[in-house]
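Chemist: Position chain B against the provided structure of chain A, taking the given hints into account.
Number of protein chains: 2
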Amino acid sequence: MANYTIRFGILGCADIARKVSRAILLSQNATLYAVGSRSIDKARKFAAENGFPATAKVYGSYEEVLDDPNVDAVYVPLPTCLHIKWAVLVAQKKKHVLCEKPVGLNVKEVDVILEACESNGVQFMDGTMWMHHPRTAKMREFLSDPQQFGELKTVNTCFTFAADRNFLENDIRVKPDLDALGALGDVGWYCIRGILWAADFELPKSVIALRNPVFNKAGVIISCGASLSWEDGKVASFHCSFLSNLTMDLTAVGTKGTLHLHDFIIPFEEKKASFVSAVESGFKELVTGWEPKPSEHTVMTDIPQEALMVKEFSRLVASIKNEGSKPEKKWPTLSRKTTLVLDAVKASIEKGFEAVEIVS
Amino acid sequence: MANYTIRFGILGCADIARKVSRAILLSQNATLYAVGSRSIDKARKFAAENGFPATAKVYGSYEEVLDDPNVDAVYVPLPTCLHIKWAVLVAQKKKHVLCEKPVGLNVKEVDVILEACESNGVQFMDGTMWMHHPRTAKMREFLSDPQQFGELKTVNTCFTFAADRNFLENDIRVKPDLDALGALGDVGWYCIRGILWAADFELPKSVIALRNPVFNKAGVIISCGASLSWEDGKVASFHCSFLSNLTMDLTAVGTKGTLHLHDFIIPFEEKKASFVSAVESGFKELVTGWEPKPSEHTVMTDIPQEALMVKEFSRLVASIKNEGSKPEKKWPTLSRKTTLVLDAVKASIEKGFEAVEIVS
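Here the protein sequences line up with chains A and B, keeping their order.
Heads up: the first sequence runs through residues 944 to 1303, numbered per our numbering.
Heads up: the second sequence runs through residues 944 to 1303, numbered per our numbering.
Chain A with its partners taken away, still in its complex shape (with noise of 0.2 Å):
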């Protein structure tokens, strides 16, 4: 097992980066082996608070993570806008890429970036926790069993919080030059991952924006919406927003079941998390009442979504170092398509809310 322990890096100290830490340290394949930062000393006080081990090497530039032999995988928790330098230059030292999200300012980025990954044989993996909880898989099984769910109809998903005043003065997340993209690069691209997940990846036509985006003064989108619609008939809507109060819900309605969840990003506890789902629901006699009502299913998690993350991407990392295996395709992919669809409705937005077609 010891062969397997992959070795991270990490890119700055941005405060996501303690969650994704603390991640690593749970995930039982992967350990923490460097961080660097532009201040040393901001990096020094990372590490001693987020459970470094003591022979952990603390770099005062990102360039020395890069360039340590030892370091294997490295994280990027930097500002979307700087993905591009980074996350090439990790994937020409050979190093795989656990990269945050949105993982590009557009798909020509995102490319650049997955380029550079495939041609130098490294993994890379955009950092949705949510898709390596077993609820989400649970969840998979449902939506794709022709008994319970039937063919996908519509998703409807929202994914908004209530930014205070200093996050929407100061945060990255509100500034052109570092996350670009507002919330839809933040909460829009949970919202878009969902629908594209319950539409089991398969790409909508078209994407028209919902009115109404808000934009604040610099430009940067804080609050949007979109609907999709596919070449068969099925159709997707959401919203999200920095403006309102944490919501974060996904609906899939099949021909004849549905799936209903209100914390599909974040679980509203750590260890377990549940889904409604209703198969063939009908009414009572003069419709008094539902009959069968939707049942909720709990599904437990000995460590969290987010170390189940680390952990599937340094199982493939180890794979490819000790086993000469592929990268696997499956999750650059995602983050790919997640892009496309992103693209679109920013696209949308800037043309007056036509609709754009989406060409993969």
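I should point out that these hints are in silico values taken from the structure, not numbers from a laboratory.
If a hint is listed, it holds; no wrong ones were tucked in.
DSS-like mimics (lysine-lysine), calculated; alpha carbons at most 30 Å apart, straight line:
| # | chain 1 | residue 1 | chain 2 | residue 2 |
| --- | --- | --- | --- | --- |
| 1 | B | 1227 | A | 1254 |
| 2 | A | 1236 | B | 1215 |
| 3 | A | 1227 | A | 1081 |
| 4 | A | 1294 | B | 1148 |
| 5 | A | 1227 | B | 1081 |
| 6 | B | 1227 | A | 988 |
| 7 | A | 1272 | A | 1214 |
| 8 | A | 1215 | B | 1215 |
| 9 | A | 1236 | B | 1236 |
| 10 | A | 1236 | A | 1081 |
| 11 | A | 1254 | B | 1236 |
| 12 | A | 1118 | B | 1199 |
Label pairs and their computed distance ranges (CB to CB):
| # | chain 1 | residue 1 | chain 2 | residue 2 | range |
| --- | --- | --- | --- | --- | --- |
| 13 | B | 1062 | A | 1109 | 55 to 61 Å |
| 14 | A | 1158 | B | 1223 | 23 to 29 Å |
| 15 | A | 1058 | B | 1302 | 50 to 56 Å |
| 16 | B | 958 | A | 1110 | 49 to 55 Å |
| 17 | A | 1119 | B | 1225 | 23 to 29 Å |
| 18 | B | 1148 | A | 1226 | 34 to 40 Å |
Just so it is clear, CB atoms sit at the ideal spot from N, CA and C, and this is done for glycine as well.
Modeler: Showing chain B alone in chain A's frame:
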């Protein structure tokens, strides 16, 4: 109290009239007085099977119900295309009108009906039962609370059911000469009413139908959706369909709170109904869970929502008859607003998904 018992006449023997007959029996201030059908045998059978007292009048025509001087109020569960004729005749006979939804094929028809009611001094109410559930009042309190819910930002509603082959071929709701509005008039009515209710009945500025509406061979809508937008930035969307598993969602998100329910039109159970609310939701340290979590609230009701509807309608009628009150304008106003939005959705579909402005 005897003076206040409103004598109902029912036109036709529609399925929904069975439910409303029971509601009249349960209402405590109304009584089943007469039923008329083009077939007197059907009327007799209906009266016998639906708890009409032995003294009830059974007529072989609708006209006879209208001509019976003892009938105070008439319930009109006829196909939508017949509402304008019969609801107007009922009003002209100075009888109060409880009319199934959708009220008319368009707002022009609705205005003719409402005008007839107003000029004849009779109460009008449509048959949107969930408006009368005490849960609805409780949820309204929540949405109106600036500390708990704040300012409404977005609403999403969904009402679908999986119609069987017989329904899709023979039900009045798929026939262009009967309920010509199809799924939009039937299930879409509730989606629109739910959105307007959450918006405290402020009409949206514009409506855009979503792509991929489905029509049957006769050109009747059997699945569609729309997005709505308000001057102040609020947005909403809905999806309605006869082609997906029974689903009945309403989600309203405000700056401070969130409201969720999955049975907003027909509660899962008749005597108790729940909703989930969340106030100033946030995350635990490291975003490993929610704090506080949403909470469920249960509201009990002695008599079902449709009986509460009849009770409220009959209370208003009694007040007009016995105290000389004016008809309550709230109910016709809500019917009209719902129809205005419905018309805009239909117009947007017809115009190839253009934005349609709402002019009230």
